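J.: Each chain is listed here by its residues.
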Amino acid sequence: DTAVSQTPKYLVTQMGNDKSIKCEQNLGHDTMYWYKQDSKKFLKIMFSYNNKELIINETVPNRFSPKSPDKAHLNLHINSLELGDSAVYFCASSQVAGGTEAFFGQGTRLTVV
Amino acid sequence: QKEVEQDPGPLSVPEGAIVSLNCTYSNSAFQYFMWYRQYSRKGPELLMYTYSSGNKEDGRFTAQVDKSSKYISLFIRDSQPSDSATYLCAMSASGGNYGQNFVFGPGTRLSVLP
Numbered sequence: 001d002t003a004v005s006q007t008p009k010y011l012v013t014q015m016g017n018d019k020s021i022k023c024e025q026n027l028g029h030d031t032m033y034w035y036k037q038d039s040k041k042f043l044k045i046m047f048s049y050n051n052k053e054l055i056i057n058e059t060v061p062n063r064f065s066p067k068s069p070d071k072a073h074l075n076l077h078i079n080s081l082e083l084g085d086s087a088v089y090f091c092a093s094s095q096v097a098g099g100t101e102a103f104f105g106q107g108t109r110l111t112v113v
Numbered sequence: 001q002k003e004v005e006q007d008p009g010p011l012s013v014p015e016g017a018i019v020s021l022n023c024t025y026s027n028s029a030f031q032y033f034m035w036y037r038q039y040s041r042k043g044p045e046l047l048m049y050t051y052s053s054g055n056k057e058d059g060r061f062t063a064q065v066d067k068s069s070k071y072i073s074l075f076i077r078d079s080q081p082s083d084s085a086t087y088l089c090a091m092s093a094s095g096g097n098y099g100q101n102f103v104f105g106p107g108t109r110l111s112v113l114p
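In order, the protein sequences belong to chains A and B.
Residue numbering for the first sequence follows the working numbering, starting at 1 and increasing by one per position.
Residue numbering for the second sequence follows the working numbering, starting at 1 and increasing by one per position.
If you're looking for bench data, these hints aren't it; they were derived computationally from the structure.
Given the structure is predicted, the values throughout are model-derived calculations rather than measurements.
Possibly wrong hints are sitting among the right ones.
Said to hold, decoys possible - Just some of the chain A residues that point at chain B, by a computed CB distance under 7 Å:
#: 1; residue: Tyr10
#: 2; residue: Thr13
#: 3; residue: Met15
#: 4; residue: Phe64
#: 5; residue: Ala102
#: 6; residue: Gly105
Cβ atoms here follow ideal geometry from the backbone N, Cα and C, with glycine treated the same way.
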């Protein structure tokens, strides 16, 4: 039973399109995150939600909009995709914000062509 | 200066060697320290978690934290080819406070050669 699952695993799309990535956690955690991993494997925080409330919004283009319908789900919608958006996006969750440990999903590899 | 620094490698060692992986950091508020292992095309998997300074051992893995030097280490004993992966250190300023998140190092790519 997967703890943090995200879909789709791979996403190939054209520039200018709008796409969404979904994430669900069944760990009962209060906090969920979106991280972006670039080609050099560097993981950078994008957003953090605690119990459906946005608590971190790093310097991310406003084309990226997270939505948390409930504390077990955190989706990421991206408008007007650009070539530079190509990366692997990871969803994660932790019991509390910045808490003891974060559990990650398997990642969504986004390729914009 | 980046908040968390880590030698990206690649680091190649023979099977059975002791591996030492390190991170330095600048934010003295960090008090939770983690090591993640990431295989190619997979998500990061938590290996070790340490609170504040000290050592923690789990099987072949030992994590050390020296807050006075702002330096953390992960040691892998009797390394195996299956340990070949990217190792990421991560840290956070506080558990339970809103606005805190996990800050990652860039990762060290390790290859253990049979």
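J.: A separate judgement is required for each hint: does it hold in the structure or not?
T.: Here is how each hint holds up against the structure:
With its C-beta approaching chain B no nearer than about 10 Å, A/Tyr10 sits outside the 7 Å limit, and its interface hint is violated. Taking 7 Å as the C-beta contact cut-off toward chain B, the hint placing A/Thr13 at the interface is violated, the least distance being around 19 Å. For A/Met15, the shortest C-beta to C-beta distance to chain B is roughly 24 Å, which exceeds 7 Å, and the interface hint is violated. Interface restraint check: A/Phe64 against chain B, minimum CB-CB distance 16 Å, threshold 7 Å, status violated.
The criterion of a C-beta within 7 Å of any C-beta in chain B is met by A/Ala102, whose closest approach is roughly 5 Å, and the hint holds. Annotation: interface hint on A/Gly105 holds; nearest CB of chain B at approximately 5 Å, less than 7 Å.
Hints 1, 2, 3, 4 from the earlier list are contradicted by this structure; the remaining hints agree with it.
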